[in-house]
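If you want the building blocks of each chain, they are given just below.
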Amino acid sequence: MLTDLYVFGDSPLHRIRPGVKILALVLVCTLLFILEGWPMVSLGGALVALCFALSGLRLRHVVAALRPALWILLVIFLVQTYLTDILFASFVVFRFAVLILAATVVTATTRTSEMVDGILAGLRFAPSWVPKNQIALGVSLCLRFIPLVLSVFQDVRQAQRARGLDRNMIALLVPLVVRTLKTADEVAQAIHARSFD
Amino acid sequence: MNIEFADVTVKKGDVIVLEDISIRLSERRVGVIGRNGSGKSTFARLFNGIETPTSGKLLLDGVPERKNLRRHVGFVFQNPDNQIVYPIVEEDLAFGLRNLKLSKTEIEERIVDAMRQLGLEHLRNRFTHQLSGGEKQMIALVGVLVMRPRMIVFDEPTTLLDLWNKQTFMAMITDLPQHVVVVSHDLELLRGFDRILHIEAGRIVADGDPASVIDGYIASSRC
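Just so you know, the protein sequences line up as chains A and B, in that order.
Numbers 1 to 197, taken from this note's numbering, label the letters of the first sequence in order.
Numbers 1 to 223, taken from this note's numbering, label the letters of the second sequence in order.
No lab work stands behind these hints: they were computed from the structure.
Treat the hints with care, since some could be wrong.
Derived DSBU-like pairs: lysine-lysine, alpha-carbon spacing no greater than 30 angstroms straight-line [claimed, not checked]:
hint: 1; chain 1: A; residue 1: K132; chain 2: B; residue 2: K57
hint: 2; chain 1: A; residue 1: K182; chain 2: A; residue 2: K132
hint: 3; chain 1: B; residue 1: K166; chain 2: A; residue 2: K132
hint: 4; chain 1: B; residue 1: K67; chain 2: A; residue 2: K132
Please read all numbers here as calculations on a predicted model, not as lab measurements.
Model the full assembly from the supplied sequences, consistent with the hints where possible.
Spelled out as structure tokens, the structure:
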């Protein structure tokens, strides 16, 4: 699960400031698209592998990061093979995998609160009308509430399955949206109660 | 510490949720009971400023207070999932403190103190969504304790807990040095409290010691 990707540790990568890591990620991803070709993407792959080793991440973290994207990568591979050739399709899929793993290095070595600090630092020079704290809080809430919404969805699906309605989209989506909105309302109250202005 | 409600009314649209509540609370353990929809959750939310009165006012130690209520009064919700904001326990505990712009040292000190107080140090580096219901509720309480409030309000805190967690959690509440107000349907858990308020249809219909108020409430439910 996305929020499980943070791996506790004290490696050099864990200690780098989050803003630097996010900038490096943006830079690497941009370069991989600007400078096309196997040499560049191989270099990117090697760099990501080095980062994985330095941060103490294991093969299971690679699998956990790539597994949710496997179907999309497979579709991209098939489409590219059909439109171009198998070599280029392999290149495109490999590049996407490197991008996903590069992002994984950042999320695995950066706590949400550090990410929020990084976002706040990045918004330091934004105009005063930009709601910096709210943007940063929004990002942290997204990460926190992915498992929560998933859990609500599973509850709703089980309840509807008991009624024989687990294939009915309306029966699944309406309670999910209502419960999510109700939860959002209470979360907003809880945040208010915890001294957030 | 005492908190006073002076002619407090809360309306939502045309519906009067609470009407002319005038009461002064200074006891350390106050329980609030009543039927579903009686207005007790709205009453509880007034303490912390989550809800604001449509008319009337709240006085903290005799001084009218509105904006700073949440600095003095913490609030624990029924469902801890809605109260926990960050994916890792220690990050979540630091959330309220960061909002107060405290130093890192002070934040660390408060987290260590509060977790030690409830014996929960082992949960510090856990993912919040992997905790059990009881652990989440306790972490939600620690998240309030780190703010060092003078009073803590609990809105049906044991509804989602099993018998063991319920008893552990209530024992924790009883041992807290702060003033506490607990809204609950679990009448047995409130029997040891100093004072019980019974709210019906937006009004306080009984107010007194647990034995008389709770027994009266049970008797009224049989009518």
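Hints and how they fare:
{"no.": "1", "hint": "A:K132 - B:K57", "result": "violated (33 angstroms)"}
{"no.": "2", "hint": "A:K182 - A:K132", "result": "holds (25 angstroms)"}
{"no.": "3", "hint": "B:K166 - A:K132", "result": "violated (40 angstroms)"}
{"no.": "4", "hint": "B:K67 - A:K132", "result": "holds (22 angstroms)"}
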